[in-house]
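Protein chains: 2
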Amino acid sequence: MPYELYYWDGIQGRGEFVRLALEEAGAKYIDKCRSSTGTQAMMEFLKGSHGHDQTPFAPPFLKEGELVVSHVANILSYLGPKLGLVGDDEKSRLIINGLQLTITDFIAEVHDTHHPISTGDYYEDQKAEAKARSTAFIRDRMPKFLSYFERLLSANPAGKGFIVGNGLTYVDLSLFQVMEGLHYAFPKAMRAVENDYPNLSALRDRVAERPAIAAYLKSERRLPFSESGIFRNYPELDLTS
Amino acid sequence: MPYELYYWDGIQGRGEFVRLALEEAGAKYIDKCRSSTGTQAMMEFLKGSHGHDQTPFAPPFLKEGELVVSHVANILSYLGPKLGLVGDDEKSRLIINGLQLTITDFIAEVHDTHHPISTGDYYEDQKAEAKARSTAFIRDRMPKFLSYFERLLSANPAGKGFIVGNGLTYVDLSLFQVMEGLHYAFPKAMRAVENDYPNLSALRDRVAERPAIAAYLKSERRLPFSESGIFRNYPELDLTS
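In order, the protein sequences belong to chains A and B.
Just so you know, we're using the working numbering here: the first sequence kicks off at 86 and counts up by one.
Just so you know, we're using the working numbering here: the second sequence kicks off at 86 and counts up by one.
Just so you know, these hints were derived from the structure itself, not from any lab.
There may be inaccurate statements among the hints.
Since the list gives no way to pick out one identical chain from another, each pair is judged satisfied if it fits inside one copy or across any two copies.
To be verified - Result set (DSSO-like, lysine-lysine): computed pairs, CA atoms no more than 30 Å apart in a straight line:
hint, residue 1, residue 2
1, K229, K132
2, K117, K176
3, K273, K176
4, K303, K132
5, K117, K167
6, K229, K113
7, K167, K229
8, K132, K245
9, K216, K167
10, K229, K117
11, K113, K273
The shape of chain A in the complex, shown without the other chains:
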């Protein structure tokens, strides 16, 4: 039985971190909201129509039989061992989950660069505040997160090329997506610092070349980045000099 992934139609968003793991592992899954009735079916879960234990707060969520798992880090923590994308031991799993939660926080900050005041209002209604927040993000927050991951990649005693241990984990896939997204959203800011993060850049390239990921990126299943997602290319929020 294939996994069922529920996420807003038409955008990569937070769902993309789950898609990358499923695609890398060659797992069978249905991206529910890409069918005509999927979004309506998703809303029924959010409304609570399927009962207490199947009522996520928000997408993405993964359904497998009667089990509904919500939040990216929770889904990946659940799928990781099944898909061979995390080590077998408890210590590795705890470290990997901690890193995925750091990415979760980072992504929330990326989102708030274009929505610093109100998620329910348009970007156009909070442009001045978005510029202020993006400036602080590019100056302070982005380097803080990226240098953390760069440092772990360079200090991994088990081998070069992965964030933990000597094999690919779902956090490596998520870091690929983070780097892709930042280059899309803030191309000038990222070009200005590209020499600061050689291990992250190399990881990005290596993940893109993995056969399953390369095939996915060329397929229709990979949605494009857009200004409806988390990573948005608003040139006025990027570095201007």
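Given the structure of chain A, go ahead and fit chain B onto it with the hints provided.
The following block gives chain B in isolation, referenced to the frame of chain A:
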């Protein structure tokens, strides 16, 4: 050997969600940064002095022997089974972790009511934006999160009084802290809606009366809310009418 909790000295902050679980269970733990050398020891971990596998991005983190677990939800997911604060089955644990991650998102939004532009700057430098964000938070986001938890509490088929199943979990303890914090930060806004969330209010009272929690709340170990924490009482950000 007691657990070692590392968190910024002097505030409840995110560390409080971990403290409440340890206190309810009567677990032995050391709140490291309340000793004179604790903060310096914590900074060594953040700098990476203890090696790749013991380098959290930020506090809180929990140390047990050579294991360092970071992020509240990860710590609670690890401690939950050991402390008897989550069900034994995988399904319960996944649902509980998903709920804790929803609380994590909620708490990040609470933080940004007073820091919508830049974490590195003072509240006083972003007061106008904080007022705009707090207005949207009180109007849109707070009811969205609280009504979600209220709905799950009222719909729990296993029994009244807990968010999942028929016994206390760490999410119930975290919801107590959320309600305490919101009443501290936004007393007028919370009074205005108190009839909307009877199950959350009852849960808050019941948790406060549990013997271990009641003893903790009266002790010096429970730090007060303050304007250095996540929940801050700035009257100008509360409802003004």
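Exercise. Checking K229 and K117: alpha-carbon separation at most 30 Å within a copy, between copies, both or neither?
Worked result: Cα proximity of K229 and K117: across copies only (24 Å, versus 36 Å in one copy).
Exercise. Using 30 Å as the alpha-carbon threshold, which applies to K117 and K167: within, between, both, or neither?
Worked result: Only inside one copy: K117 and K167 sit 21 Å apart there, 37 Å across copies, limit 30 Å.
Exercise. Between K229 and K113, at a C-alpha cutoff of 30 Å, which is it: within one copy, between copies, both, or neither?
Worked result: This pair counts as neither: shortest intra-copy Cα distance 36 Å, inter-copy 34 Å.
Exercise. Should K117 paired with K176 be assigned to within, between, both, or neither, using CA atoms and 30 Å as the limit?
Worked result: between (34 Å within a copy, 22 Å between copies)
For this session: If the cutoff is 30 Å on CA atoms, where do K113 and K273 land: within, between, both or neither? Let me know, please.
Result: For K113 and K273, neither the intra-copy (38 Å) nor the inter-copy (50 Å) Cα distance is at most 30 Å.
Exercise. Checking K132 and K245: alpha-carbon separation at most 30 Å within a copy, between copies, both or neither?
Worked result: between (46 Å within a copy, 20 Å between copies)
For this session: If the cutoff is 30 Å on CA atoms, where do K303 and K132 land: within, between, both or neither? Let me know, please.
Result: neither (35 Å within a copy, 40 Å between copies)
Exercise. How would you label the pair K229, K132 (within, between, both, or neither) given a Cα cut-off of 30 Å?
Worked result: between (38 Å within a copy, 12 Å between copies)
Exercise. When no copy is specified for K167 and K229, does a C-alpha distance of 30 Å or less occur within a copy, between copies, both, or neither?
Worked result: Cα proximity of K167 and K229: none, with 32 Å in one copy and 33 Å across.
Exercise. What label fits K216 with K167 when the C-alpha limit is 30 Å: within, between, both, or neither?
Worked result: Intra 42 Å, inter 46 Å, cutoff 30 Å: neither.
Problem set entry | K273 and K176: within-copy, between-copy, both or neither at 30 Å Cα | neither (38 Å within a copy, 45 Å between copies)
Against the hints set out earlier in the document, violations occur for numbers 3, 4, 6, 7, 9, 11.
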